[in-house]
Amino acid sequence: MAFISFLAALIPLDGLGHYLHWGVIYISVANFIVIVLMILTFITALLAPFPGRSRRKESK
Amino acid sequence: MSKKGFRPDVDAPEWKGGHQPYDIIKEGTIALIVVALLTVVFAVMFGSPDDKEITIKTWANAAPLDFAQTALGEMNGTTTTAGYGAPYNTASTGQTLGPLQLAKWAGVRIPINTEKDFVIRPLETQPYDPTLSSALTSWKAASSTQQTTWVNNFTKASNSMKFVNGNVVASTSDSGPVPVFINDLTHMARSGALDADLISGGSFFTTDYTKPLLFLSDGGYLAKLAQDQHLLGSQWGMMNETNSYPGQAWLWLYTFWYQITPFSSSSNADVQVWGMMMLLSVILLLVPVIPGLRALPRKMKVYRLIWREHYRDQ
Amino acid sequence: MSTDIERQWTTRLRHRVAGKLPPEKVLPDTQPAYVASWIYVFGVATMSAMAVVIGTGFILALRGPQWWHESSVGHFVNSLHLWSVEIFFFAMVVHLWGKFFMGAWRGKRTATWMTGVVTFLASIATAFTGYASQSNFDSQWITTQAKDGINSTGAGAFFNVLNFGQMLMWHIVLLPLVAVILTALHVVLVRVRGVVPPYDDTKKVGEAL
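Those protein sequence lines, which keep their order, are chains A, B and C.
The first sequence begins at 1 in the numbering used here and counts up by one.
The second sequence begins at 61 in the numbering used here and counts up by one.
The third sequence begins at 375 in the numbering used here and counts up by one.
Since the hints were made in silico from the structure, they are not lab data.
Any given hint could be a false lead.
[Unchecked claim] Straight-line distance between alpha carbons at most 30 Å, and here's what the computed DSS-like set of lysine-lysine pairs gives:
1) B:K117 to B:K222
2) B:K222 to B:K284
3) C:K394 to C:K482
4) B:K216 to B:K284
5) B:K86 to B:K76
6) B:K200 to C:K394
7) C:K399 to C:K482
8) B:K76 to B:K117
9) B:K164 to C:K399
10) B:K284 to B:K176
11) C:K394 to B:K164
12) B:K222 to B:K200
13) B:K361 to C:K482
14) B:K112 to B:K222
15) B:K76 to C:K482
16) B:K216 to B:K176
17) B:K361 to B:K117
18) B:K361 to B:K76
19) C:K482 to B:K112
20) B:K117 to B:K200
21) B:K76 to B:K359
22) B:K200 to B:K216
23) B:K222 to C:K399
24) B:K117 to C:K482
[To be verified] Label pairs and their in silico Cβ distance ranges:
25) B:S260 to A:G23: 32 to 38 Å
26) B:S260 to C:S446: 28 to 34 Å
27) A:L10 to B:T266: 23 to 29 Å
28) B:P351 to A:I11: 45 to 51 Å
29) A:P49 to C:I555: 32 to 38 Å
30) C:A435 to B:V100: 15 to 21 Å
Just so it is clear, CB atoms sit at the ideal spot from N, CA and C, and this is done for glycine as well.
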């Protein structure tokens, strides 16, 4: 039974959603977070140093 | 070395530099473990939405007048489904894209006669009741002109429609059997029998919910619940999920067109937006062969970041 | 005798495959030195997410479409399925952005780009049919709205989003098959052509054609 209760979400997103509104843009906070994370992930992927090449950089 | 004819947005320079060890199987294994773990973490933390479905029974009990008005609309042809056109009926041409009548050309493949399928036939399945039985008999014996007159007279009286003591009543005298139909169909809906009849459509096994869903969406109740959940088309609803969950965020562009003119005020918005999205999809597909577009990444120079080690080494 | 064997369709096909995709290209142990950015992991991340989506979908399929409404275990597997889909699209979109900014279609890689775009579109259709097969309030609303868009193109006459059985079949049989085949084709093309080399910034090049 403890296992079953573990299956229930810790922070269920069951409350009514919050929405952001700028002019024609109308977006749920959840979708907004997903899109912002996507852009941040993309930028991080471009900027973060890639392991394996760092040794060469140092020897340069 | 001749660079003649080298097109920087089409051809790639031959790589003459070195190679480095790169373990793609290890990378894939780690990626799989990370993604699986992230999935478990999100599922444990947030769960997933599952708002219970709406039945016609729920609707007719929560909003009996909305149900009764919708049922009358299925008879007088004013509901969305009754006036839809293809693929359900021939009541209208449907949406057009310039000269293209795509829906009409595809034809009536899922025939639905709202008066017969949503009102008369379900009532015929009801257990014997003398009032209903004679109402159905007089309906069938009447000419179609007479039927139309009855329905129109009841439609005129529908402003006075009330739900009193479990019955739908309206002040009308010359509507023939129509008031009995609407009242009995409302009873049937409130008991759950209409759900059962529309879903099964006379067979035991079924997986097709076309009829009950169309009837349900003709009323105002489902849309009201959807509006509360920010799911209406005008609320960018296609990319939204019930409650606070992220939805199909990747539909943002498709949803966007519906919010702006000319689409937001067009009666052919659906086919126009679909046409637009198909065109944009084809453009995305053909980026490698579209001059100008395919030069964008070279001109925007984001690649200098991606390959910064390579350019630093040069 | 040996020339007869050489002329066999089977032998010719083997030679062609072996020529285009020798083992060291299928499973290369090195990459060109310019392959040194985190952006390269998002293709693999997308495939990993796809594997989790398919795995959790398999478990849901084992118990049938009612299970996840009735049991907390089923609901948990549904949660896994949902979040793996969110991660799948997340990774795929980042992968798409990365490949666009690399101009990854250069050097006879047009087909690689195109199979990727079609996989993206097929994935959207697969996800949509999943949302349509949820059999809850969300799917009722989504299907009754989406029918207007699809009907307006004429496709609704054949692809009836209000038919739960039809949508479930598209979602768990037809579209996943298409998505997996397209992904396999995409990966084979990546392996045949290799990873696109950087733009040549050392030479001034005239107007692009």
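Hint by hint, here is what the structure shows:
1. B:K117 to B:K222: holds, 18 Å
2. B:K222 to B:K284: OK: B:K222 and B:K284 at ~20 Å, within 30 Å.
3. C:K394 to C:K482: holds, 14 Å
4. B:K216 to B:K284: holds, 25 Å
5. B:K86 to B:K76: holds, 26 Å
6. B:K200 to C:K394: Roughly 73 Å separates the two Cα atoms, so the pair is violated.
7. C:K399 to C:K482: Given pair C:K399, C:K482 holds - Cα atoms ~17 Å apart, limit 30 Å.
8. B:K76 to B:K117: violated, 72 Å
9. B:K164 to C:K399: violated, 51 Å
10. B:K284 to B:K176: Status holds; Cα separation ~27 Å.
11. C:K394 to B:K164: violated, 48 Å
12. B:K222 to B:K200: holds, 27 Å
13. B:K361 to C:K482: Since the Cα atoms of B:K361 and C:K482 sit roughly 21 Å apart, the hinted pair holds (cutoff 30 Å).
14. B:K112 to B:K222: Distance of about 29 Å is within 30 Å: holds.
15. B:K76 to C:K482: holds, 17 Å
16. B:K216 to B:K176: holds, 21 Å
17. B:K361 to B:K117: Outside the cut-off at roughly 60 Å; violated.
18. B:K361 to B:K76: Distance ~22 Å between B:K361 and B:K76 Cα, so the pair holds.
19. C:K482 to B:K112: Outside the cut-off at roughly 51 Å; violated.
20. B:K117 to B:K200: Holds, at about 27 Å.
21. B:K76 to B:K359: Given pair B:K76, B:K359 holds - Cα atoms ~24 Å apart, limit 30 Å.
22. B:K200 to B:K216: holds, 22 Å
23. B:K222 to C:K399: violated, 76 Å
24. B:K117 to C:K482: Roughly 60 Å separates the two Cα atoms, so the pair is violated.
25. B:S260 to A:G23: 32 to 38 Å: violated, 48 Å
26. B:S260 to C:S446: 28 to 34 Å: The hint (28 to 34 Å, Cβ to Cβ) holds, given that B:S260 and C:S446 are roughly 30 Å apart.
27. A:L10 to B:T266: 23 to 29 Å: violated, 38 Å
28. B:P351 to A:I11: 45 to 51 Å: At 50 Å between Cβs, range holds.
29. A:P49 to C:I555: 32 to 38 Å: holds, 37 Å
30. C:A435 to B:V100: 15 to 21 Å: holds, 20 Å
Hint compliance for this structure: hints 6, 8, 9, 11, 17, 19, 23, 24, 25 and 27 are broken, all remaining hints hold.
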